[in-house]
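Just need the whole structure built from these sequences, with the hints factored in.
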Amino acid sequence: DTEVTQTPKHLVMGMTNKKSLKCEQHMGHRAMYWYKQKAKKPPELMFVYSYEKLSINESVPSRFSPECPNSSLLNLHLHALQPEDSALYLCASSALVGVSNQPQHFGDGTRLSIL
Amino acid sequence: AQSVSQHNHHVILSEAASLELGCNYSYGGTVNLFWYVQYPGQHLQLLLKYFSGDPLVKGIKGFEAEFIKSKFSFNLRKPSVQWSDTAEYFCAVTPFTGTASKLTFGTGTRLQVTL
Numbered sequence: 001d002t003e004v005t006q007t008p009k010h011l012v013m014g015m016t017n018k019k020s021l022k023c024e025q026h027m028g029h030r031a032m033y034w035y036k037q038k039a040k041k042p043p044e045l046m047f048v049y050s051y052e053k054l055s056i057n058e059s060v061p062s063r064f065s066p067e068c069p070n071s072s073l074l075n076l077h078l079h080a081l082q083p084e085d086s087a088l089y090l091c092a093s094s095a096l097v098g099v100s101n102q103p104q105h106f107g108d109g110t111r112l113s114i115l
Numbered sequence: 001a002q003s004v005s006q007h008n009h010h011v012i013l014s015e016a017a018s019l020e021l022g023c024n025y026s027y028g029g030t031v032n033l034f035w036y037v038q039y040p041g042q043h044l045q046l047l048l049k050y051f052s053g054d055p056l057v058k059g060i061k062g063f064e065a066e067f068i069k070s071k072f073s074f075n076l077r078k079p080s081v082q083w084s085d086t087a088e089y090f091c092a093v094t095p096f097t098g099t100a101s102k103l104t105f106g107t108g109t110r111l112q113v114t115l
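Those sequence lines, one after another, are chains U and A.
Mapping the first sequence onto the numbering used here, position 53 (from 1) lands on 53, and the numbers just tick up by one.
Mapping the second sequence onto the numbering used here, position 114 (from 1) lands on 114, and the numbers just tick up by one.
Derived from the structure by calculation, the hints contain no laboratory data.
Think of the CB as a built atom: it goes at the ideal place given N, C-alpha and C, for glycine as much as any other residue.
Please note that a few of the clues may not be correct.
[Unchecked claim] Listed below are the simulated DSS-like cross-link pairs for lysine-lysine, each with C-alpha atoms no more than 30 Å apart in a straight line:
1) A:K49 with U:K18
2) U:K18 with A:K69
3) U:K41 with A:K69
4) A:K102 with U:K53
5) U:K22 with A:K49
6) U:K53 with A:K49
7) U:K40 with A:K49
8) U:K22 with U:K53
9) U:K22 with A:K58
10) U:K9 with A:K69
11) U:K36 with A:K102
12) A:K69 with U:K40
13) A:K102 with U:K38
14) A:K69 with U:K53
15) A:K61 with U:K40
16) U:K40 with A:K71
[Stated by the list, open to error] Covered by chain A, per the in silico footprint, the following chain U stretches (three or more residues, Cβ under 8 Å):
17) 51 to 63
18) 75 to 89
[Said to hold, decoys possible] So these bits of chain A aren't anywhere near chain U, every CB distance computed over 12 Å:
19) E15
20) S18
21) L56
22) K61
23) S73
24) S80
25) K102
26) L103
27) V113
And the structure:
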């Protein structure tokens with residue numbers, strides 16, 4: 001089992017809906033990440049939070065809105081999504097120690113389908 | 001920006017055969033290198049990592065990888081594969097920084113091990 005918990009595991013929503021994806025870790029990691037993974041493709045970075053502040057936004061459309069309410073939680077708020085946004089959304093976390101990028105620990109993902 | 005190439009998209013091996021998966025990266029500075037594995041229906045798991053020092057790194061489940069700086073390569077090896085090694089394997093790179101930074105994945109190699 002992974003130490004990064006994502007809910008829900010599956011989500012089906014219409015293009016006008018508003019929903020949120022949640023991610024939680026209790027490893028004391030101070031970096032958290034959102035990735036998007038399409039079928040048979042590698043994960044692609046969307047956002048990075050360091051010490052609860054957004055540090056990287058990979059030019060993600062504004063219909064995706066991340067939030068990091070505390071050091072253990074990461075949310076991804078969804079609004080007015082398009083069918084092409086259907087994908088597996090992965091959350092990851094990593095420690096911020098030393099000068100090397102510590103390995104990222106991944107959750108199981110939320111499989112999102114847009115109708 | 002960094003990039004990663006994995007030239008083997010689909011590899012089929014018999015049990016006990018030796019494995020080598022190629023990975024080349026492109027980046028103008030120092031990098032941290034990773035191999036992740038994704039078993040069917042499971043989350044991404046770290047196999048091994050290279051930060052610095054001995055270019056031959058050993059990971060879990062008998063895997064090892066060798067960093068050859070002059071070739072910008074980080075190939076994954078295992079002397080004898082098992083049926084349970086059937087999975088998708090991703091090479092990944094991140095710039096060497098002291099902060100959370102972008103992890104870029106290769107396109108992945110699907111390994112199928114037959115009995």
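Verification of the hints:
1. A threshold of 30 Å between alpha carbons decides the hint, and for K49 of chain A with K18 of chain U the separation of about 38 Å lies outside it, so the pair is violated.
2. Distance check on the hinted pair: K18 of chain U and K69 of chain A sit about 47 Å apart at the alpha-carbon level, beyond 30 Å; violated.
3. Of the supplied pair hints, the one linking K41 of chain U and K69 of chain A holds, its CA atoms being roughly 27 Å apart against a limit of 30 Å.
4. For the suggested pair K102 of chain A and K53 of chain U, the alpha carbons sit about 15 Å apart, so the restraint of at most 30 Å is met.
5. A C-alpha spacing of about 28 Å is found between K22 of chain U and K49 of chain A, which places the hinted pair at or below 30 Å, so the restraint holds.
6. A C-alpha spacing of about 26 Å is found between K53 of chain U and K49 of chain A, which places the hinted pair at or below 30 Å, so the restraint holds.
7. As the CA atoms of K40 of chain U and K49 of chain A are separated by approximately 23 Å, the hinted pair is consistent with the 30 Å bound.
8. For the hint linking K22 of chain U to K53 of chain U, the alpha-carbon distance of about 17 Å falls within 30 Å, and the restraint holds.
9. For the proposed pair K22 of chain U and K58 of chain A, the alpha carbon gap of about 34 Å is over 30 Å, so the pair is violated.
10. For the proposed pair K9 of chain U and K69 of chain A, the alpha carbon gap of about 40 Å is over 30 Å, so the pair is violated.
11. For the hint linking K36 of chain U to K102 of chain A, the alpha-carbon distance of about 13 Å falls within 30 Å, and the restraint holds.
12. As the CA atoms of K69 of chain A and K40 of chain U are separated by approximately 29 Å, the hinted pair is consistent with the 30 Å bound.
13. Proximity of K102 of chain A to K38 of chain U is assessed by CA-CA distance (about 18 Å); at most 30 Å being required, the pair is judged to hold.
14. With a C-alpha separation of about 34 Å, the suggested pair K69 of chain A and K53 of chain U falls outside the 30 Å cut-off, and the hint is violated.
15. At roughly 24 Å between alpha-carbon atoms, K61 of chain A and K40 of chain U fall within 30 Å of each other, so this suggested pair holds.
16. The hinted pair formed by K40 of chain U and K71 of chain A meets the criterion: a straight-line CA distance of about 27 Å does not exceed 30 Å.
17. Only when three residues or more bring their CB closer than 8 Å to a CB of chain A does the claim for the segment 51 to 63 of chain U stand; here the count is 3, and the claim holds.
18. Taking a C-beta to C-beta cut-off of 8 Å, the segment 75 to 89 of chain U contributes 0 residues in contact with chain A, too few for the three needed, and the coverage statement is violated.
19. No beta-carbon of chain U is positioned within 12 Å of the beta-carbon of E15 of chain A; the least distance is around 25 Å.
20. Chain U leaves S18 of chain A outside its interface by the beta-carbon criterion, the shortest separation being 25 Å against a cut-off of 12 Å.
21. Against the 12 Å criterion, L56 of chain A stays outside the reach of chain U, whose nearest CB is about 18 Å from its own CB.
22. No Cβ of chain U approaches the Cβ of K61 of chain A within 12 Å, the least distance being about 16 Å, so the stated non-interface status holds.
23. The beta carbon of S73 of chain A is kept farther than 12 Å from every beta carbon of chain U, the shortest such distance being approximately 18 Å.
24. With a closest Cβ-Cβ approach of about 25 Å to chain U, S80 of chain A is found to remain outside the 12 Å limit, as its non-interface label requires.
25. Some Cβ of chain U comes within 12 Å of the Cβ of K102 of chain A; the nearest lies about 5 Å off, and the non-interface call is violated.
26. The non-interface label for L103 of chain A is inconsistent with chain U: the shortest C-beta to C-beta separation is roughly 6 Å, within 12 Å.
27. V113 of chain A, annotated as away from the interface, keeps every beta carbon of chain U farther than 12 Å; the closest lies near 19 Å.
Checked against the numbered hints above, the structure violates hints 1, 2, 9, 10, 14, 18, 25, 26; every other hint is satisfied.
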